[in-house]
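Enquirer: The residues making up each chain are set out below.
Protein chains: 2
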Amino acid sequence: MIRSSAGPSVAWKLRPAAASDSDSIWTIFKAVVARGDTYVFAPDISRDEALAYWLHPSARCYVAEREGVVLGTYVLKPNQPGLGAHVANAAFMVAPTTQGSGLGRVMAEHCLAEARRLGFRAMQFNFVVSTNERAIRLWRTMGFEVVGTLPGAFKHTEKGYVDAYVMFRSLAGDVSADRRTCS
Amino acid sequence: MIRSSAGPSVAWKLRPAAASDSDSIWTIFKAVVARGDTYVFAPDISRDEALAYWLHPSARCYVAEREGVVLGTYVLKPNQPGLGAHVANAAFMVAPTTQGSGLGRVMAEHCLAEARRLGFRAMQFNFVVSTNERAIRLWRTMGFEVVGTLPGAFKHTEKGYVDAYVMFRSLAGDVSADRRTCS
Numbered sequence: 016m017i018r019s020s021a022g023p024s025v026a027w028k029l030r031p032a033a034a035s036d037s038d039s040i041w042t043i044f045k046a047v048v049a050r051g052d053t054y055v056f057a058p059d060i061s062r063d064e065a066l067a068y069w070l071h072p073s074a075r076c077y078v079a080e081r082e083g084v085v086l087g088t089y090v091l092k093p094n095q096p097g098l099g100a101h102v103a104n105a106a107f108m109v110a111p112t113t114q115g116s117g118l119g120r121v122m123a124e125h126c127l128a129e130a131r132r133l134g135f136r137a138m139q140f141n142f143v144v145s146t147n148e149r150a151i152r153l154w155r156t157m158g159f160e161v162v163g164t165l166p167g168a169f170k171h172t173e174k175g176y177v178d179a180y181v182m183f184r185s186l187a188g189d190v191s192a193d194r195r196t197c198s
Numbered sequence: 016m017i018r019s020s021a022g023p024s025v026a027w028k029l030r031p032a033a034a035s036d037s038d039s040i041w042t043i044f045k046a047v048v049a050r051g052d053t054y055v056f057a058p059d060i061s062r063d064e065a066l067a068y069w070l071h072p073s074a075r076c077y078v079a080e081r082e083g084v085v086l087g088t089y090v091l092k093p094n095q096p097g098l099g100a101h102v103a104n105a106a107f108m109v110a111p112t113t114q115g116s117g118l119g120r121v122m123a124e125h126c127l128a129e130a131r132r133l134g135f136r137a138m139q140f141n142f143v144v145s146t147n148e149r150a151i152r153l154w155r156t157m158g159f160e161v162v163g164t165l166p167g168a169f170k171h172t173e174k175g176y177v178d179a180y181v182m183f184r185s186l187a188g189d190v191s192a193d194r195r196t197c198s
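From first to last, the protein sequence lines stand for chains A and B.
Using the numbering used here, the first residue of the first sequence is number 16, and each one after it goes up by one.
Using the numbering used here, the first residue of the second sequence is number 16, and each one after it goes up by one.
Chain A on its own, in the form it takes in the complex (with noise of 0.2 angstroms):
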């Protein structure tokens, strides 16, 4: 179990996700994109598309409940094949009931340990849509850089067209400072 910032209150528990997970996470991800204001996925991406890309064989989907309730998820996954699959990327979404429990973080220690343990050297957000405050400021505390904008590169349903941002951070660092806080 592991106990969020937002107090002792609230445990909650991660574990990969299992097929009988499909309607939990589809209604996180389809409340998430139908604002079309985070994701790029269509606002109305059918259910199929949307649990085809989200549980794709590349990539290894976890969810995290409270009271067996689940109520987020994330991927984890190299950014590229080959040559560029030492770059891990990962992406997550939180039942906007859930938005502010302090759940977003739980999940990226989770997923930034989970990468290390898989050898990955780096984490990279490929398109972080720049009016997404909340989840740059969330990124930034948790070591991650801009590295890259994205002119105009994302549709915002109310705001238009918004920058992107490509995040970055190194993995291999962190694993050096680990071995020194055990030396």
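Simulated from the structure, these hints should not be mistaken for laboratory data.
Predicted, not measured: the structure shown is a model, and the values here were computed from it.
Mixed in with the good hints, there may be bad ones.
Copies of the same chain look alike in the list, so a pair counts if it fits in one copy or across any two.
Computed cross-link-like contacts, DSS-like style, restricted to lysine-lysine with a CA-CA straight-line distance of at most 30 angstroms [unchecked claim]:
1) Lys45 - Lys170
2) Lys92 - Lys45
3) Lys28 - Lys170
4) Lys45 - Lys28
5) Lys28 - Lys92
Position chain B against the provided structure of chain A, taking the given hints into account.
Expert: Just chain B now, kept in the frame of chain A:
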């Protein structure tokens, strides 16, 4: 027929790829990725994997031929789904024996024209290896800028971990320029 800057004796025919081009495309693909210096694909990628990527239904594939021999190929597709689908992505491969002939530029000009015709507002390259100076020089002369740097994101066969660039150019501005020329 398109004449490249290499001289009037070099005339290229560019056309959409047909199923019968698979052998030619694989020959080029294999030779390019075997060097492990410009593309992330595993240098020993299989023919099936390579063609599944290059001839994916979501991409338009074109070939460039001279005297009936296919010596170059490129793919053009949306870089993201849904709310990011207004930005194009493209990738180009030239048979190693043909490099330096100007075919890269010929294909790139054709590709930009196709992207405009299809209504894309911009074009993005997600992963230009920083040591691929010839390509970077070409993209710069064609209006692309480096908008992001991915630290150590490419494992170069000879040089080890080197940076990769994200390059981007607007197509919207050009459309206005075209319109002004016509008015």
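Enquirer: Return the numbers of the hints above that this structure violates; sort them in rising order.
Expert: 3
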